Structure formats: structure tokens, C-alpha cells
Amino acid sequence: MALLRIEKLTKAYGGLVAVDAVNFKIYEGQIKALIGPNGAGKTTIFNLITGMEKPDEGGAFFNEQSITGLKPHQIARLGISRTFQNIQLFGEMTVLENVMVGRHPRTKADFFASAFRLPLVGREERAIAEDSFELAKFIGIASKARALAKNLSHGERRLLEIARALATEPEIILLDEPAAGLNDRETGELGELIYRIRDKGITVFLVEHNMGLVMEISDEVVVLDHGKKIAEGPPLLIQEDEQVIEAYLGKEIEHA
Amino acid sequence: MQLSQILQFVLSGLSAGSVYGFTALGFTIIFNTTGIINFAQGEFVMLGGLISVYYYKGLEFPLFFACLAAILTVMIIGALFERLAIYPRRNSSVITLIIITIGGSMFFKGAAMHLLGEDPVALPAFSGDKPIMFMGAAVLPQVIWVAGATFVAVVLLWFFYRKTILGKAMRASSDNKEAAKIVGINVSRLTLYSFAFSAAIGAFAGVVVTPISMAVFEMGGMIGLKGFAAAILGGLGNPIGSVLGGLVLGVLESLSIGIISSGYKDAISLLVLLLVLFLRPSGLFGSTKGERT
Amino acid sequence: MQVKENGILKKYIPLAVFALAIFLLPSHISNYEMKTLIFVGINAIVAMGLCLLMGYAGQISIGHAAFYGIGAYTSAIITTTYGLSVWIGFLAAILLSGLVALLIGIPSLRLKGHYLAMATLGFGEIMFVLFVEMEQLTGGTEGILSIPPLSIGKFIFATSQQIYYVVWIVTILLLVVALNVIHSRVGRALRAVHGSEIAAQAMGVNTAKYKIQIFVLSAVYAGIAGSLYAHFVNFINPTPFTLNFSIILVIIVVVGGMSSIWGALAGAFVMTLLPEYLRVFQEYNLIIYALILMSVMIFMPSGLVPGFLNLINQFKQREGIWRFLESKN
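Note that the protein sequences, when read in sequence, are chains G, A and U.
Residue 108 in my numbering is what sits at position 53 of the first sequence, and the numbering runs on without skipping anything.
Residue 185 in my numbering is what sits at position 182 of the second sequence, and the numbering runs on without skipping anything.
Residue 255 in my numbering is what sits at position 23 of the third sequence, and the numbering runs on without skipping anything.
These are computed hints drawn from the structure, not numbers from a lab.
Please note that a few of the clues may not be correct.
The calculated lysine-lysine pairs, modelled on DSS-like cross-linking and capped at a C-alpha distance of 25 angstroms, are [stated by the list, open to error]:
| hint | chain 1 | residue 1 | chain 2 | residue 2 |
| --- | --- | --- | --- | --- |
| 1 | G | K109 | U | K344 |
| 2 | G | K126 | G | K109 |
| 3 | G | K255 | G | K283 |
| 4 | G | K205 | U | K344 |
| 5 | A | K60 | A | K133 |
| 6 | G | K80 | G | K126 |
| 7 | U | K344 | G | K126 |
| 8 | U | K441 | G | K163 |
| 9 | A | K184 | A | K171 |
| 10 | G | K126 | U | K441 |
| 11 | A | K180 | U | K344 |
| 12 | A | K184 | A | K166 |
| 13 | U | K441 | G | K199 |
| 14 | G | K205 | U | K548 |
| 15 | G | K109 | U | K441 |
| 16 | G | K192 | G | K205 |
Chain G stretches covered by chain U per the calculated footprint, using a threshold of three residues with CB under 8 angstroms from any CB of chain U [to be verified]:
| hint | segment |
| --- | --- |
| 17 | 136-145 |
| 18 | 178-184 |
Model, not experiment: these values are computed from the prediction.
From the three backbone atoms N, C-alpha and C, an ideal C-beta is built for every residue, glycine too.
Let the hints inform the model, and build the full structure from the sequences given.
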């Protein structure tokens, strides 16, 4: 049984078909990558899976349960978490607080309990703070715990988004171009971080342009071009696939 | 109700509706160039009315000259407002800009109350008071002025936005500010022009309608709200829609006076505003520049 | 770095100091000053609610005078027209302002920015028209007279000092509630909504629900304030419940500092006491308020309290640098 199954997923904007009847599966424990030339529909697929947009046809199934049409926060609760291509941090909150927000779906103090500071709130707050700090250490940004998110460097901001997404205790995490803007050293560290995330039992699905990273860490790769899936398989096979090469049409495969 | 009664209401509604339409135009122009909603728009109408009366009665300018001078004065006020209050914070958040223009509206209201007095005032009708009979309804000549002015304004604006470089630049800037800057459009200068222009249009409405309904320092608030309702009704960003929206709103309001009662007249327009915002923010003829989750 | 419970406690020390100051004050001030401070408290209550909505959740309302009015009129009507107890009126005021907020909030909070502002503005104006036009219920422009003062059983809170204590106890309780909400999972969720609504959703926050809940809470705060107001001045008419007051509320929150609940308090003090000290300039009220609002937004958009704290931090940093340089010599 696949952890996440995408079936005939289709989305069009006016006349433009951004995602065209795409099918693929992601199995538990995999590191799977989604690649394709710009405009191929990759981020749209992320948005469709996470409920930010509704598909015109087809749907997504999580543990064989349909998640099509659910709202983003409901999908997050079910165990799918994500980062954003154009990093969406809570700039005016500290690093630690950003991660603490990630604990939201796994905690329960509501308005009433919080307003009157019932006993459960105190206990839960302590747990949230401790868990978040542990996660910050795991990711490697604990030293900046008190810094405001908006004051971090680019690489640190990417890490923080990942820490925050992990705080939701997902079964699968969707990373949207996590290596964008990172230098070689940072990209290497990112690769190692992704392995460590997988070792924790979390499935990883990422959209990425950095081919070196993709080919090195992925178990399987899905290739999209103009909204259609044109190939799926292990990295070595994908690299040789004629259609894939053609889709990238003369584009130098960086770091290959 | 008899036909002539309905007609009467419709005609008087058209005249109020023109003011709403012009105010809506003001909103649309500024929004089109900058994406800002100018909460002080209604005050430009008020200032047009009050200042023209001051020029005519206080400084004893001839009528047409007083009107022209008033429009120019308010245009300058609009430009100053943009430079001093908007420009410094042009990259700030939406809420900041909203609050600044709200402050502006309060400022104009207070200044008008102070410098131009608290009592309602009016200009004499441009071509006399004698109502013209039209299918059993009495029409003030001033209403014809208002209608004519509205028509001319719409035509000129259509021409401006479609055929002139400046107009096209404004549309480009509203569509995509960054791209507009890259192709060399001076967005900041355009913002200045749109505020000046909107102020002038608002003042124009204020001047032309003063002979019918008197001007008073606190009229800006309701006019602004209703003008915005008209703008949204017609589709924010659509100049023709703005004017049509204003006319529709004016007639609706007028008919409601006949059917319900005059006290609730304002509530009708406001209800229309809320309904449009909740149910169809893109309005009747609207663009897709809605702000909705 | 260890995360200790102390961190939370530390936040309640300023509260304790403040509460103490408030309670010691009456013995040192005149009756008139006490009455003014009662208004400060009432305004502070509305301001705190609005601050939670605007500063923390990042929404906007320029129609909050309407909820203030709903609270006042509900209390007034229940205690005069129906002759029921003050506390039933109080409860009804809370329920009604919350209910109306729910009704208007659900469609409105789907809107953003300008559209939300206009919707709240329109709502505020509609309520004002209703206050004026529904004469049977509200007394129209004449209003409602002879509203009884607050009382518990036989004890009536009649003197200014007694009312001062009631109002400020309520204010401080509501301040505690606000602080509790801010320093909680809910508070973080609200700030997350403000920071990035889509990221908040992706982190499991039901943003629509939270926006509505905080809107209702801010309306309830305003309703409570309105109720206290009615029982304090014993007479209400539509005059206080206008757009002007809604804007003044926004000024209070903004000037004090949107992102700080203490800013709302500071703003309430400043804006309520200002007209007292500017008696001479009363005619220029509107212009002065407008200039204050615009100046703050243009020059110090984060408001007085955060701006002040910022200055202190900068000062500390500069001090540090001097000491460092001196030690090198």
C-alpha cells in the first residue's frame, strides 16, 4: 500500500493545463523527487496535494484515504507537512516560536483553556517548548533559538522551515526546492539532513532543480514536463531516459 | 406607485448616483495605479463643494471660475497628500496605508470644519432653478449638468486609458508594478498623478452637485463609503463599471426612500456594499483583483 | 539555553506592578481625575480586544464602535425597558456582541486588507443607522435615560471610587485573559496567521476558525466596555458609537503599538487623557487626532511602546559599545 498515491491529478488555469492526469505513488520510507523544467507543474502538484488548490479531476490518497478537497490544515493534521519555495516563515516570531507553531496539530489547548490558563496549558506549553528545542537541535539551528526569524541567513531560514514542518510529526514531508540558494557545502549538509529525516521514519518527497542532490539522495524520481509525467524510476535510469533528456533540451545538468 | 413617481425617484437617484459614480472613479483610478484604497476619497468631494462655495461667496469669484479654481485647489491638496503622507510609506503593508488614508480623511474633515465652517452651504444652480418637465417628472436643470458631466467624463476616461501613453502606463503599473518599473515607467510619479487626478474628479463631483444637495464638512464619510460600494459593485478597477455602479446604487437608494423610509436610506447602500463584498467581490462587471482567501 | 517556567512568570510581574499602582491611585487623586481614569479603563478594554485582533492576528476593524454600542444598548434596554437585573444585562451584552460578531465575522473574515476594512466600516455605519432609526428599541436620537448603576445584591456601586474599582478590576482581569491568550498555543497560532496565513494553514492551524474566534473575543471585550459605560454614565444615545470613535480606537491601538497589549493600555491612557490636557485646543480635536495617527504611522509605525523599547535597546547597545571602547584604552 502506498503512503501517498496521486491518481489522474489534473489542474487547468483557463486554457493552460498545468497538471495533466498525473499518476504516481510514494511508498513509506522513500526519498522521492519530482523534477522537470520550469513551468512543468511541480509546485502546482504540491499545492494540490496539500489542499491549497483543488484539482479539476483526479485526486490524492493518503494511506488509501482520499484527501482531495480537504483543507490545508486538515491535511497537515493527517500527517502531511511541507515547506515553501518562497520561504514562508513567521518573520516577527523567534526561531523557537516558529518551530513551536509546528507543534500545533499535535497539541490541544483551545481558546477557553488558554484564556483561563487551565492546568493542562502549563504542562502542554512546557512540552511544546522542550520538543521544539530538541527539534531545533536536530536540525542544527538551536544556537539561534531566540533570534527573530526575519534576521536569519538564507540557509538558516531554509533549515527553520524544515524544522517547523517536522514539528507537526508528519508521516511524509514535502520539500519545495529546499536547495535553492544554498551553496555546495550547505547543499551537502541538506542531503545529510534529508537522510537523517528518513532515518527517523519520515518519508520525503521533494521538488528540486539541483540535479546533483536529486540524483544522489533519491530512491526514485518522477519527471514532469508541461504537466505530464514523462518518466518515473530510479535516478540512474532517469538520467539515461531519452524523453527526460529531450525535455531538458540542451540544458546543462548541473553538478552531474 | 405611478410611473411618474417612479421616474421622479429614478431621476433624483441618478443625480446622487453620479456623485457616487465619480467618487467610485476616484477610488478606481488610485487603485488601478497603486493598489491602494484611498479612504479619504469622499473628503475630496466634500472639499470640492466647500471650497467652491468659499471661492464664490467668500472671495466673490465668478461662478465658473470659482468652480475651476476649487477643482485645481483640491487637485493640489491631493498631490500634497500623496507626497507627504503616502509616498514615505509607499512600501508598507496594506493596513498601514489604510490607516494613513483614514487619518487623512479625518484631517481633511477637521480642517474643513475649522477653516470653512460647520454649516451646510451651496452654490447657485449653473443655469437656473426652474425644473424641466419630463414625462410627468420634474427635473432640475442642474441634474442635466450632472448627467452631461458624467457622460463627458466617462468618454474622456475611456479615451485616456485606452489611447494615451499615460493611461496605458497607469494600467500597466496596476497590473504589475515591478514590470512597469523595469520598462521605465516612473511608478512613483504615476502614483502622484493618480492621487491628483482622483482628487480633481472628486472635487468636480462635489462642485457640480452642490447646487442640488448642500455641502457640509462631514459629508465625506458616507459619500466615500457609498462611492466605494459603487466601485465594488461595478468591479473595482473598471472605470465604466464604477460609474454604472454609482448610478445603480443611486437609483436603488432613491427607490428605497420611496418604498421604505428616508432614515434607512444610508443603510441600503451599506447593505449593498456588504452583500457585494460577501457574495461577489468582483462586482457586476468586475476584474479579478479580489482580495479573498 | 533552558526553557524554564520562569519565563512565563516574568511576564506577570509588570502586570502585578501595574495592578498595584492602579489600586493605590484613588487615594491620591481628585474625583474628577478618577472619573477620567474610569474612561481610560473602559477605553482600554475595547482597545485590548482590538489590539488582539489587529496587532496579533493581523486583521483590521474600523467598525468596533458598533460592538461597544451593542453592549451599551443591550445593557441599557435590559435594565430599563425590561427592568431586569444589571448582571443579566451584562451577560446579555456579552452574548449579543459575541453573536453579532460571529454573524458578521464569518463572511467578513474571508476578506482581506481593504475589503475587510470596508466591510467592518460598512457594518459599523449600518449599526449606527440602526441605533438612530430603531426608536422603539433604542430611543432614537434621544437615547435611553436612567440606566441603573452596577450593583451586587443590595450593594450599589454609586460613587466614582466604587465604580473605578469595578471597572479596573474588570480591565485587569481582561488584561490577564489577553496575556494568557497571547502566551499560549492560541496566541502563537494567531501570530502565525498574521505572519503567513498559508504557512499557518500548512502547519495545521485552522486560520478561518481562529480569525473568527479572535474577532468574536474582541467584540465581546467591546461589548463589556459598552455595558460598563452605560452603567457608569447612566444615559446613552447614538453619539458615542460613530465612525469617529471606531477610528479613535484604531488610533489608540496603533499609537500605543499594535503588536503589544501594553501598547493598547498606553494608547488608552494617552488618547483619553489628551483631550483633558488639550482643553484649549478642543475645536482642533479632529485635526490633532488625525495628525497623531498619521505621524505615528509614517514615522513610528510600530507604535510608542515598541518604539520606546527599541530606543532603550539601542541605548543599551551604544552604552555597551562605549564601555567596550573605554576598556580598550
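Comparing the hints with the structure gives:
Of the pairs offered as hints, the one joining K109/G and K344/U holds, with about 21 angstroms between alpha carbons and a cut-off of 25 angstroms not exceeded. Proposed proximity of K126/G and K109/G is supported: the alpha carbons are some 9 angstroms apart, at most 25 angstroms. A distance of roughly 32 angstroms separates the Cα atoms of K255/G and K283/G; the hinted pair therefore is violated under the 25 angstroms criterion. As the CA atoms of K205/G and K344/U are separated by approximately 23 angstroms, the hinted pair is consistent with the 25 angstroms bound.
Distance restraint check for K60/A and K133/A: the Cα-Cα separation of roughly 22 angstroms lies within the 25 angstroms cut-off, and the hinted pair is therefore satisfied. A distance of roughly 21 angstroms separates the Cα atoms of K80/G and K126/G; the hinted pair therefore holds under the 25 angstroms criterion. A threshold of 25 angstroms between alpha carbons decides the hint, and for K344/U with K126/G the separation of about 19 angstroms falls inside it, so the pair holds. For a cut-off of 25 angstroms, the pair hint linking K441/U to K163/G stands: about 14 angstroms separates their Cα positions.
A C-alpha spacing of about 13 angstroms is found between K184/A and K171/A, which places the hinted pair at or below 25 angstroms, so the restraint holds. Restraint check: the Cα-Cα separation between K126/G and K441/U comes to about 12 angstroms, which is no more than 25 angstroms; the hinted pair holds. Between K180/A and K344/U, the direct Cα distance comes to roughly 20 angstroms. Compliance with the 25 angstroms bound is thereby established for this hinted pair. The straight-line distance between the Cα atoms of K184/A and K166/A is roughly 20 angstroms, inside the 25 angstroms bound, and the hint therefore holds.
A hinted pair counts as satisfied when its Cα atoms are at most 25 angstroms apart, and K441/U with K199/G does not qualify at roughly 32 angstroms. Of the pairs offered as hints, the one joining K205/G and K548/U holds, with about 22 angstroms between alpha carbons and a cut-off of 25 angstroms not exceeded. With a CA separation close to 20 angstroms, the supplied pair K109/G and K441/U stays within the 25 angstroms bound. Using a Cα cut-off of 25 angstroms, the hinted pair K192/G and K205/G holds, with the two alpha carbons roughly 19 angstroms apart.
For the segment 136-145 of chain G, the proposed coverage by chain U is satisfied: 6 residues have a C-beta within less than 8 angstroms of a C-beta in that chain, meeting the threshold of three. For the segment 178-184 of chain G, the proposed coverage by chain U is satisfied: 5 residues have a C-beta within less than 8 angstroms of a C-beta in that chain, meeting the threshold of three.
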